[in-house]
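Generate coordinates for the entire structure from the input sequences, incorporating the hints supplied.
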Amino acid sequence: LRPLLLAMAVCVGALALLPGGGAGLVAFLVLYTAARLLWAGIDTVRSVIWSVNYPRRLRARVTGRIMVNGSIALAGSGLLLGWLLEHGNVGYRVAILAAAACGIAGAFAFKRFRVRQESRLLALEIDRVRDGARFDLSGIRELLVRDPRYRRYMVAQSTFGAGHLMLTPLLVVCLDEVLHAPEFVQVAVTAAVPIIVMPVVLQAWAGFLDRHHIVVYRATHAWVAVAGSLLLATAVLAKVSWLLWPGALLMGISLAAGSLGWSLGHNDFAPRGEETRYMALHVTLTGLRGLLAPPVAILAYYGLRRLSPGIETWSMSLPVALIVSGAWQFTAMRRDHGAGGPART
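For the sequence shown, my numbering begins at 27 and goes up steadily by one.
Quick caveat, the hints were computed from the structure, so don't treat them as lab data. Just so you know, nobody snuck in bad clues.
Distance windows between CB atoms, simulated:
| hint | residue 1 | residue 2 | range |
| --- | --- | --- | --- |
| 1 | G102 | F136 | 15 to 25 Å |
| 2 | K137 | V181 | 37 to 47 Å |
| 3 | T260 | K137 | 42 to 52 Å |
| 4 | R331 | F234 | 36 to 46 Å |
| 5 | P174 | P335 | 43 to 53 Å |
| 6 | V56 | F234 | 37 to 47 Å |
| 7 | Q229 | L63 | 30 to 40 Å |
| 8 | T59 | T260 | 27 to 37 Å |
| 9 | R332 | R298 | 50 to 60 Å |
| 10 | A60 | A127 | 15 to 25 Å |
| 11 | W249 | Q229 | 16 to 26 Å |
| 12 | V52 | R91 | 33 to 43 Å |
| 13 | P174 | L263 | 35 to 45 Å |
| 14 | P174 | G102 | 41 to 51 Å |
Please read these numbers as outputs of a predicted model, since none were measured by experiment. Cβ coordinates follow ideal geometry from the N, Cα and C atoms, glycine included.
Written as structure tokens, this is what we have:
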């Protein structure tokens, strides 16, 4: 995990040194893509560490405490960057370098971290590979065919997640072009407020996840996201700016739940020794929808504008529809699952 963290911190730090113009933009895209790929590896390894280090009945609460610190740091840095960008000085470069330095320090701190039964876990994973388990596209297909419950969960998660990934870029564009909100408000609504809310509600969601299967958990928090996305879409469509704040608040409550469910949910399906493969599949599908969903949303916005100027705000209905569809799928899975508790220990 430490090499991945160090490499990502270097990519982040390099962003502060980029020049303006076309070359700077290309370099930004390369570094940002590299950082996201590295973070995908970090998420995969980290979730497996959590699954083996902490028992099922406590895992979410322990993980939630870890995430609280990260959400506070993200909220603070987001607000600071928004303020620096709004005032148009070069202070944002210093802030990015400081964040990269914190990342490097955190990577070195992982030297003291230990994984319980690491040798046994590695042996189980090696055995799975020897039995034919693969991490390529054919391995993904085989896993989805072999485990229909996880396949159904991934379809629901992909639908729900695509809606979330469409909502943020559309909201950024609409805040700027439709509501004409200042940069500070844009950062606050799209990032800072949802992240500030996370530390407040994470432990409550964590306790709920420790007591219930991920399907029950998702079917509960997904409807909070439905309410939040409806408020945000209404704020844009009706040009009622104050609705942005309760919408952002509800999205923060849902995102807090989603961050835990995203990191730990696969453990309720994965046999011991296959946690990495199940999480790798989850990360891969997340990357695919992250690649496709935001451009589709922006194309819908500008496509509607070209078709008939003034109706482009109705593109906000697309992410809302996907979030509602995902919530409905989770609810249907919950009915089939029954009241049951955690699937794995």
